[in-house]
Amino acid sequence: MGASWSSTSTSSRRRNENPNTQNHNHNNSSNTQQQPIYPSYRIQSHPPIPPPSSSSPPPTQPQPQPQQNYMYPANQPYPSHQNPYTVHPPQPYYYQPYAGGYGAFGPGAPLMVRPGYSPYQHQHQHQHQHQHYYGNQGNGWVGMRPFQPVPVQPQLPPPPFVDHQSAKKIRNDVNVLKDSIRVEVDGENSECHVVSFTLDAMVDGSITIFYFAKEGADHMFSPLYPDAHTPVKLQFQKGLGQKILQPSGTGIDLNFFAVDDLSKPSPGEDIFPLVIVAEAWSETSLTEEQDNQRPPTSNAQITQAVLEKNSAGLFQVKVIKQILSVDGVRYELREIYGIGNSDKESFDDNDPGKECVICMSEPKDTAILPCRHMCICSECAKELRLQTNKCPICRQPIEELIGIKVSNSSQ
Amino acid sequence: MANSNLPRRIIKETQRLLSEPAPGISASPSEDNMRYFNVMILGPTQSPYEGGVFKLELFLPEEYPMAAPKVRFLTKIYHPNIDKLGRICLDILKDKWSPALQIRTVLLSIQALLSAPNPDDPLSENIAKHWKTNETEAVETAKEWTRLYASGA
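Residue numbers (full-length UniProt numbering), protein chains in the order written: chain A, 1 to 411; chain B, 1 to 153.
The hints are simulated quantities; they were obtained by calculation from the structure and are not laboratory data.
Possibly wrong hints are sitting among the right ones.
Estimated spans, in silico, between C-beta atoms of each pair [as the list claims (entries may be wrong)]: (1) Gln46(B) - Pro397(A): 34 to 42 Å; (2) Gly24(B) - Leu234(A): 54 to 62 Å; (3) Val185(A) - Pro23(B): 47 to 55 Å; (4) Asn189(A) - Ala22(B): 54 to 62 Å; (5) Thr45(B) - Leu314(A): 40 to 48 Å; (6) Arg395(A) - Arg104(B): 50 to 58 Å; (7) Arg395(A) - Asn126(B): 31 to 39 Å.
Ideal Cβ placement from N, Cα and C applies to all residues, glycine included.
Use the sequences and the hints to build the structure in full.
Given below as structure tokens:
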């Protein structure tokens, strides 16, 4: 298991209005030049996935479902305080969905779906299970943002230059597969619903299921209606593709709530009808673990979801966002379209899905933000920036370019 | 000369066009200039151009794929978005060009334009007017032009 996370970062920055001037800065001091400071992205090679432990609990499936989770995180930690309108990016950037705090979802908040470009979306379904998370944490932005509150700004013109950065990979030890979450009627108590989902865990840990949970200033969740439902905490052992089912009898009577309240997060507040917190336990703390004591989590994944009734009258889970918390820094997980079929080793010169859409020769390795289309190679990215500021796939203005290397070699 | 430093993308596109042609479309590069393509598009079924074989020329400018290919009908055609010189009013050939588009997608778009004339965004003012005031008659004219000029003879 030689997953190492050292990295180098390159950050080149170009002023758009003067394409002849190119500054290539190979260290973080470049951030002192222009006004806003952007995170840099770094990348490492793929971590090998440990085989399912032999001591895994019975629900471990021998063959994990083939699904690849490539996510793109939000680029900054959440503010350490709770006023959602205090901390903002310097520009209405990719981070704009945060503008109302992560409880607010205006129509402009582009969450997981871009239905217009599905070809990329489903291609990575067929690959082996790997977890890639990309985040910032590079060059001071993480530390600086909470101390530089900027008032909310309406839509600004696109910035005059675009960062071209390399992604940094963040390791996620526990992953609740977003599309696997279901609520089903409790077999023993037909009035109550219980939650089930598939979990990938690299280490042991615990799951806590909340209904109508509010996140406190300390990032701890607490139920809004403690009388209606007590949060359910389950422990798990490491293993991929585990099926987790909330124990019978610990469910909630969803019909107690209005469908309207279940189907959307509370506006302006960090309250979601369903919150699943998956915490990875650090190996050392495992022996001291008390069931009722919160483990010192360095790595947790928070899934915030709403519940909708489908046409058959059954509740369906719709994940609004997943947040990865690593060493106190929080990232929103988002997919990158087209990342699943771009690894260099297996690059097939005749496979149109893997090649850069511009030169059609090199494997694509650069994703465009905010639209998250990974469709070009780094050379063409440079070239493209001289010509246009529009994504070749969707024509949205390009605000950032992120180099992402994907390696699927199974070591 | 012009062919010696042909970008790899153009070579690949050409190969794929020849090996897997799109239905109803053929495009082959000129021998003297690999950036110049002779194109034939069959009139789509259930359009006034059905049964017609339309010749076009397509040229990939030096800036391609950062700039759109230049495409023009060589066969006379009665269509509100195509003028008498064969120039085509199609957004992806102008401001909506994207380097992710290809020769194949451009030609498919033109084929689709034949199925769906858009008289609200005309290039030929007269034909568009004809289309809007008396569509049945305009379609008849288009059919007749197809018989007269695009019979493939």
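Hints, verified against the model:
1. The given range of 34 to 42 Å is respected by Gln46(B) and Pro397(A), whose C-beta atoms sit roughly 39 Å from each other.
2. The beta-carbon spacing between Gly24(B) and Leu234(A), approximately 59 Å, falls within the hinted interval of 54 to 62 Å.
3. Under the hint 47 to 55 Å, the C-beta atoms of Val185(A) and Pro23(B), about 50 Å apart, fit the expected range.
4. One distance hint, 54 to 62 Å for the beta-carbon pair Asn189(A) and Ala22(B), holds here, with the actual separation near 58 Å.
5. Checked against the hint of 40 to 48 Å, the C-beta distance between Thr45(B) and Leu314(A) comes to roughly 44 Å, which is consistent with it.
6. Checked against the hint of 50 to 58 Å, the C-beta distance between Arg395(A) and Arg104(B) comes to roughly 19 Å, which is inconsistent with it.
7. Separated by about 32 Å at the C-beta atoms, Arg395(A) and Asn126(B) satisfy the suggested range of 31 to 39 Å.
Hint 6 from the list above is the single one not met by this structure.
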